[in-house]
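For the protein sequence lines, the chains are A and B, in the order given. Mapping of the first sequence onto the numbering used here: residues 1 to 144, in sequence order. Mapping of the second sequence onto the numbering used here: residues 1001 to 1156, in sequence order.
The reader is advised that the hints may include incorrect statements.
Claimed, not checked - Derived DEER-like restraints, expressed as beta-carbon distance ranges:
| id | chain 1 | residue 1 | chain 2 | residue 2 | range |
| --- | --- | --- | --- | --- | --- |
| 1 | A | Pro82 | B | Ala1155 | 10 to 20 Å |
| 2 | A | Leu140 | B | Glu1013 | 42 to 52 Å |
| 3 | B | Ala1053 | A | Ser72 | 45 to 55 Å |
| 4 | B | Cys1154 | A | Ser68 | 54 to 64 Å |
| 5 | B | Val1010 | A | Glu45 | 14 to 24 Å |
| 6 | B | Arg1069 | A | Pro82 | 15 to 25 Å |
| 7 | A | Thr3 | B | Arg1141 | 39 to 49 Å |
| 8 | A | Pro82 | B | Val1010 | 38 to 48 Å |
What the hints assert, rightly or not - Only pairs whose alpha carbons sit at most 20 Å apart, straight line, appear in this in silico SDA-like list of lysine to any residue:
| id | chain 1 | residue 1 | chain 2 | residue 2 |
| --- | --- | --- | --- | --- |
| 9 | A | Lys116 | B | Val1060 |
| 10 | B | Lys1072 | B | Gly1057 |
| 11 | B | Lys1147 | B | Thr1096 |
| 12 | A | Lys116 | B | Thr1096 |
If you're looking for bench data, these hints aren't it; they were derived computationally from the structure. All values derive from a computational prediction rather than experimental measurement. Ideal Cβ placement from N, Cα and C applies to all residues, glycine included.
Chain by chain, the residues:
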Amino acid sequence: METFTPIASLTGGIIIGLASVAFMLFNGRILGISGIVGGLVDLPEAQERNWRLLFVLGLVLGGIAFWSVQPSAFEMTVQRSPVALIAAGLLVGFGTRLGSGCTSGHGICGLSRFSKRSLVSVLTFMAAGAITVFIVNHVLGGSL
Amino acid sequence: MSKSDKKSFVRPEVVAFLAGLVFALGLGLAGMTRPGKVIAFLDFFGDWDPSLAFVMGGGVVVYTLLFRRVVKREQPVADVRFRLPTRSEIDWKLVTGAALFGVGWGLGGFCPGPALTSLIPGGTDAMIFVASMLTGMGLFRLWDWRKQQKQEVCAG
């Protein structure tokens, strides 16, 4: 069971918001992870590629840095088979590109800009996620 | 050289790297890199953990307060213009894409940012997820490209 962490989560959210708005201030772009990474998968030319690569490198190295001070932040407390993870990854990859965004681009930046598209996206992926978790946890018993 | 063409001494690549770094720390602190916590947030009919509502709340409040001041500027600090989304239509792609994403998010407990942040700390689970996510993005590119080709054939 997960413990309620309002202070840490709020602080983390504020840091995420600051990084996102700083990205708009300096680079003039929406900080949307699926858009940035998807733009890499599309194999762009150097000018569009390098900053995207460096952003992803920052994420990966930031993860390692946080891991070194707080390893529990990366605990896998749910049981997921490789097949379930592959299905989940394919759905997240295809879905975020088809729907032009994920939790960061639509969730943080889009809602803050009062975008109707982002509001529809967030309500839809929250509902789909909740229904999926309901089925997995309460119909299938919690493991996949 | 007009004012809007002026180049900044701040490199956008450096900004991107630092933004990724800080974003990852925020995700880790927020609890977003624990798939079990994400799933507990989506589990409204079980042991619901509302923590992640505070992540989105904190991020949205900060962004809302600062965004409009930022885009009042003539141009961003390290680039020549702001690139903001312009579409406003609610179409099947937006809704279907979000629904597919939501199902995958609920299945694995990972969305794109936390998955990449967990790439090394999250072990094989995170690596399998990230490889599949990149594949899914590639499949979208392929599907979208084939669709465009068909349209061109029809139009021609």
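Q. Is 39 to 49 Å right for how far apart the beta carbons of Thr3 (chain A) and Arg1141 (chain B) are?
A. holds, 40 Å
(Q) Just to be careful, I want the Cα atoms of Lys116 (chain A) and Val1060 (chain B) compared with a cutoff of 20 Å; is the pair within it? (A) holds, 15 Å
Q. Between Ala1053 (chain B) and Ser72 (chain A), does the C-beta distance stay in 45 to 55 Å?
A. violated, 21 Å
Q | Range agreement (Cβ of Glu45 (chain A) with Cβ of Val1010 (chain B), hint 14 to 24 Å) | A | Given about 22 Å between the Cβ atoms, the range holds.
Q: Look at the Cβ atoms of Cys1154 (chain B) and Ser68 (chain A) and judge whether their distance stays inside 54 to 64 Å.
A: Distance hint for Cys1154 (chain B), Ser68 (chain A) holds at roughly 55 Å.
(Q) Check whether the Cα positions of Lys1072 (chain B) and Gly1057 (chain B) lie no farther apart than 20 Å. (A) violated, 24 Å
Q) Between Pro82 (chain A) and Ala1155 (chain B), is the Cβ distance one that fits in 10 to 20 Å? A) violated, 43 Å
Q.
Hint check: Lys1147 (chain B) vs Thr1096 (chain B), CA-CA at most 20 Å. Holds or violated?
A. holds, 17 Å
Q) Holds or violated: 38 to 48 Å for the Cβ distance of Pro82 (chain A) and Val1010 (chain B)? A) Roughly 43 Å apart at Cβ, these two residues keep to the hinted range, so it holds.
Q. Falls inside 42 to 52 Å, the C-beta gap from Leu140 (chain A) to Glu1013 (chain B)?
A. Hint holds: Cβ distance 45 Å, inside 42 to 52 Å.
Q: Below or equal to 20 Å on CA atoms is what counts here, so check Lys116 (chain A) against Thr1096 (chain B).
A: The given pair, whose Cα atoms are some 16 Å apart, holds under the 20 Å limit.
Q: Hint says 15 to 25 Å; check whether the CB-CB distance for Arg1069 (chain B) and Pro82 (chain A) agrees.
A: Because 47 Å falls outside the window, the suggested range is violated.
Violated hints, in rising order: 1, 3, 6 and 10; the structure is consistent with all others.
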